[in-house]
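The primary structure of each chain is shown beneath.
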Amino acid sequence: MSPLRSIVRMRLVSLKNTTLNVKADALTKFFVLLFGLGNVIVIGLWVSYESFEFIENFPAFGAALNAKMIALLFFALLFLVILSTIIVAYTTIFIARETDFLFQHPIAPRDILALKTFEAMAFSSWATLFLCLPVLISFGYLRQAPATYYVDSAVVLMLFLLFAGAAGTSIALILAPVLRRLTLRQALTTSALILGVLGWVFLRSFNIWEIDGTNSFLVLDRFTSQLTAMHSPFFPGQWASSAILAAAAGNRGEVLFQASMLLANTLMFIPFLAWYGTRYYGREWLAVRSHSRGARRGIDSEARAAAPSLETRPAWTGRRGPLVSLLLKDMLVFVRDPAQLSQSLLFFLLMVIYSLSLLRIPKDLLGTEKLRILVHFANLGAVCMILSAFTSRFLFPLLSLEGRAFWIVGLAPVRRSFLIQQKGIFGLGVSWTLGMITIVVSNAALAAPPALFLGAVYSVLLAGVCLTSLSTGLGAAYPTFEEDNPSRIAVGLGGTLNFFASALSVAVIIALEAFPYILASRPAQVFQAGLPDSPRWTWIWLSHTAAFAFTLALTVFCHRLGARSLERRDF
Amino acid sequence: MRHAGVVMTAVIFLFWGTMNTLLVFRERKKESLGQYRAHVAAFHKDALLRERWFSIFRKNVKIGYTGFKFEKVFAAEGIEIRSTVESKVKIELFGASQWVEIQGLLVADDAMKPVSLRLDATLETLPAMSLTGKREGDSFQLSIETGFLPPVRLSLPLQELQLGDAFGPSLPIAGLEVGETFEVPCFDPIALERALATVRVVARETRSTSGLSVDAFRIETTFRGVMSLSWVTEAGEVLLQELGPPFEGVRLIGDTPQNAKRINPK
Numbered sequence: 001m002s003p004l005r006s007i008v009r010m011r012l013v014s015l016k017n018t019t020l021n022v023k024a025d026a027l028t029k030f031f032v033l034l035f036g037l038g039n040v041i042v043i044g045l046w047v048s049y050e051s052f053e054f055i056e057n058f059p060a061f062g063a064a065l066n067a068k069m070i071a072l073l074f075f076a077l078l079f080l081v082i083l084s085t086i087i088v089a090y091t092t093i094f095i096a097r098e099t100d101f102l103f104q105h106p107i108a109p110r111d112i113l114a115l116k117t118f119e120a121m122a123f124s125s126w127a128t129l130f131l132c133l134p135v136l137i138s139f140g141y142l143r144q145a146p147a148t149y150y151v152d153s154a155v156v157l158m159l160f161l162l163f164a165g166a167a168g169t170s171i172a173l174i175l176a177p178v179l180r181r182l183t184l185r186q187a188l189t190t191s192a193l194i195l196g197v198l199g200w201v202f203l204r205s206f207n208i209w210e211i212d213g214t215n216s217f218l219v220l221d222r223f224t225s226q227l228t229a230m231h232s233p234f235f236p237g238q239w240a241s242s243a244i245l246a247a248a249a250g251n252r253g254e255v256l257f258q259a260s261m262l263l264a265n266t267l268m269f270i271p272f273l274a275w276y277g278t279r280y281y282g283r284e285w286l287a288v289r290s291h292s293r294g295a296r297r298g299i300d301s302e303a304r305a306a307a308p309s310l311e312t313r314p315a316w317t318g319r320r321g322p323l324v325s326l327l328l329k330d331m332l333v334f335v336r337d338p339a340q341l342s343q344s345l346l347f348f349l350l351m352v353i354y355s356l357s358l359l360r361i362p363k364d365l366l367g368t369e370k371l372r373i374l375v376h377f378a379n380l381g382a383v384c385m386i387l388s389a390f391t392s393r394f395l396f397p398l399l400s401l402e403g404r405a406f407w408i409v410g411l412a413p414v415r416r417s418f419l420i421q422q423k424g425i426f427g428l429g430v431s432w433t434l435g436m437i438t439i440v441v442s443n444a445a446l447a448a449p450p451a452l453f454l455g456a457v458y459s460v461l462l463a464g465v466c467l468t469s470l471s472t473g474l475g476a477a478y479p480t481f482e483e484d485n486p487s488r489i490a491v492g493l494g495g496t497l498n499f500f501a502s503a504l505s506v507a508v509i510i511a512l513e514a515f516p517y518i519l520a521s522r523p524a525q526v527f528q529a530g531l532p533d534s535p536r537w538t539w540i541w542l543s544h545t546a547a548f549a550f551t552l553a554l555t556v557f558c559h560r561l562g563a564r565s566l567e568r569r570d571f
Numbered sequence: 572m573r574h575a576g577v578v579m580t581a582v583i584f585l586f587w588g589t590m591n592t593l594l595v596f597r598e599r600k601k602e603s604l605g606q607y608r609a610h611v612a613a614f615h616k617d618a619l620l621r622e623r624w625f626s627i628f629r630k631n632v633k634i635g636y637t638g639f640k641f642e643k644v645f646a647a648e649g650i651e652i653r654s655t656v657e658s659k660v661k662i663e664l665f666g667a668s669q670w671v672e673i674q675g676l677l678v679a680d681d682a683m684k685p686v687s688l689r690l691d692a693t694l695e696t697l698p699a700m701s702l703t704g705k706r707e708g709d710s711f712q713l714s715i716e717t718g719f720l721p722p723v724r725l726s727l728p729l730q731e732l733q734l735g736d737a738f739g740p741s742l743p744i745a746g747l748e749v750g751e752t753f754e755v756p757c758f759d760p761i762a763l764e765r766a767l768a769t770v771r772v773v774a775r776e777t778r779s780t781s782g783l784s785v786d787a788f789r790i791e792t793t794f795r796g797v798m799s800l801s802w803v804t805e806a807g808e809v810l811l812q813e814l815g816p817p818f819e820g821v822r823l824i825g826d827t828p829q830n831a832k833r834i835n836p837k
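Order-wise, the sequence lines are chains A and B. When we follow my numbering, the leftmost residue of the first sequence carries the number 1, and every step to the right adds one. When we follow my numbering, the leftmost residue of the second sequence carries the number 572, and every step to the right adds one.
Hints in this document: simulated from the structure, not taken from any laboratory. Remember, it's a predicted structure, so these values are computed and weren't measured experimentally. Backbone N, C-alpha and C define an ideal beta-carbon position, used for all residues, glycine too. Among the clues, some could well be false.
To be verified - Residues of chain B clear of chain A, computed beta-carbon distances all greater than 12 angstroms:
#1 Pro698
#2 Glu731
#3 Ser779
Said to hold, decoys possible - Looking from chain A toward chain B, a few residues come up when the C-beta cut is under 7 angstroms (computed):
#4 Leu218
#5 Leu220
#6 Ala246
#7 Gly250
Stated by the list, open to error - Away from chain A, derived, C-beta distances all over 10 angstroms, residues of chain B:
#8 Asp617
#9 Lys684
#10 Arg795
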C-alpha cells in the first residue's frame, strides 16, 4: 500500500472511530450545528433572491446588471480564495506540526504535498462553497432556469474553487523561498503595503466617494464595465460566470465549453505540483524549518541581549503579575503567527471599509424616523456580527493554541479558571477597542441622535462581553490541543457551536434593545389593547436592564462551563 | 502502471492544449466577423433568448406596443437565429388613423442571412396581408398575399436581413463603441420593401430610466428616410427610441412585456 493511501486510510478510520464514539450530547450539538447551518443557507437564499429580484425588476438594464453581479462575484471570489489559500497553504505545507510528523516517516515528500495541498484547498474554500451555492440557486430560481442548471452550477462552482485553490497553493510554493527570508517586520510591512495599495486601487476604481442614493447603480455598473479583466475571455472568473449564465439560459454547449476550460486549467496544476513535490518540496521544507529555527535562535539571543536581567531590571517596572505575564505571552504568540496576523489585518481592513461605506449612505434612507431607527439597528447588528466573526475566529482558538505546551500554563501557580478570565480580559480589550471605534465612527456617519448613539455604544459594550465570554468559555469547554491551525480550530464542532451561539446572543441583545422602538412604532390601539401605554424612556431603561441581566447570566454560565471543563482536564 | 503518470500528464497537457487552442480560435473567429455580426454575437453572448419590449407613445399618449424576441437555436442544419416581432400600434396610414397589428418570424442562419420568413399584418381598413419567404439558391424569394390583389413575388439577394415593425428596425446589437457606423439590410413590413438601415453610434450619455441613472450609447438610425435616435446600453438593451419626421413625437420606451401589452385599443 502506498504511503499516501495509508495516510488517507488512517484519516478515514479516524473519522469512522470519531463517528462511532459520538455520544448523545455530541449528537445534539451536531444537530444544533446542522440547524444553524441550515439557517445560514436559508437566510443566504432569501437575501440573495430578494437582491437579485430587486435589480432584475429595473426595466431595460436590471437583467444585464444581475449578469454583471455574477461576473463580479466570481472576480472577487477568485482573488479572495487565492489569497486565503496562499496563507493557509503556506502554514499547512511548511509550518504545521503534523507536516513535521509526516516527514519523520518513510513517506515521499510528493505524497505529503498532495495531502497537505488537498487539506489547504478544502479549508480555504469550504465556507465559500456553502455561502455561494445559495446565491447561485436563488439566481437560477429567479431566472426560471432548467433543472440541469442546479447541477451545472454546483459543478462549475466546485471546479472554480479547485482552480482558485490550486492556483493559491502554487503561488504559496513559488513565494516560499521569498517568504522564509523575510523577517517578521519585513513581512508585515510588505503585506500592509500590498494590502494598502490593493485596497486603495479597489476603492478608487469603485469610486466609492461618488455613491449616493440616485446614482449608486450607475457607479456599480461603471465599475463592473471598467474591470476589463473581469470580461476577458481568458480570465478564469469569466469562464465560471459565463458557464453560470449559460446554464441559467439553458445553453448547455456553452456550459460544457466554459466548464471544460476551468477543468483543463485546473488539471494543469497537477503535473506542476507533482514535479515540485518530487524535486523541490523536501528541500524547501527543510530550508523553511532550518531558517525558522535559525531566526528563532537569532530572536532568542537578541531578546536575551536586549532584556534586562532580573537583577538589573529597573525598580519601577516591578514584578509582573500572572495576568500581565500571560497577556504579554498571548500577544507575542499572536504577532509571531503569520496566519493570525495576516488574517487579523484583513479583518481590520474589512471594518475600515464598512465604516467608510457608511459615510456615503444614501440620505433618502434616513428620511423618516422609522427608517432612521431601522438603519440604526441594522448598523448595530452589522457591527456586532463583525465582532462575532472576530471573536469566533481569533478568541475561540486562543486556549486550544496553547497546544501541547498547555502543561506549562496548567502547572502555573494560578487557578485554571484564572486562565479563562485572563483570555477573557485579553479578548475584551481587543473586541471593545474594535467595537467602540466602529460603532462610534458608523454612528457619527449616520448622524445618530444622542439617545440612539449612547444606546448603540452600550449595546456594543454588552455584546463585547457576551461574545468574549462565549468564545473563551466554549473555547475552554471544547479545546483542541492537538490542532495547531487556528482556522481549523475555529471551524471545528466547538467553533461552529460558538459561532451560532454568538449570532444568537447578538440577536437577543439587539431584540431587547430594539423592543421599546418596536413598541413605539405600533398603532395606539395596540398599546391600549395589549400593552401598557407607558412612557418610552421607562421601556428603554427596562430594555437596557434586561440586556445587562442577559449579559451577566451568559457570562457567568460560560465562565462556569469553561472552568469546570478545564479543571477536569489532564495534560 | 509504470507509465501511468507519464500518460496522465500527457493527457492533461493534451486536454489543456486543446481547450486553450479552441478558446483562441473562438476569439479569433469573433474578431474576424463583420462589424454588424460581431455586435450581434455580443448581444446574444451566453443567452439563448433575449427580448425587447416597448410601450409606444405619441405626445405622451400610449398608442401601442412592440416586442422583439431574438432566439438562438441549435438546429440540425446548424445555428439558427429566430427573430420574432409582435406589434400593435395606432398610426396614420392612407389618410386615416388605424390600428396596425404585425406578427412575424424571421429565421436566419449563423451569418444572419435569411432562411425563412413569415409575417402577417392586419390593418383596420384593409384586408390582412401575409408575407412568406424562403431561401432558394443564392436568393431569398418572397411571396406577398393580400385579400384583394393577386400574389406578388419578389426576389431578394441573399444578404443579412433584419425584421422591423411599423416604425423601423430594432437591431440586436451590443458592445458598441462611439464613432462606429455600419449598414444593415432590413425589411419594412408596411412598405413591403427591403432597404439599408444606416446605424451611427454618436455618443455615450447618462440617461435616467425608472428614476435611476444608466450609461447608454446614443445611436442614430436612418431607415427609408426616417431618422430615429436610440439610447442603447452596453448589453444591448434599448432604453428609449425617438422617431423623426413623419413620426415626430413618437417615443418607444423600454418596458416589461406585461406593461407594454397593457393598452386600450379604443
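Results of checking the hints against the structure:
no. : hint   : result
1   : Pro698 : holds (36 angstroms)
2   : Glu731 : holds (23 angstroms)
3   : Ser779 : violated (9 angstroms)
4   : Leu218 : holds (4 angstroms)
5   : Leu220 : violated (11 angstroms)
6   : Ala246 : holds (4 angstroms)
7   : Gly250 : holds (6 angstroms)
8   : Asp617 : violated (4 angstroms)
9   : Lys684 : holds (22 angstroms)
10  : Arg795 : holds (26 angstroms)
Taken one by one, the earlier hints fail for this structure at numbers 3, 5 and 8, listed in ascending order.
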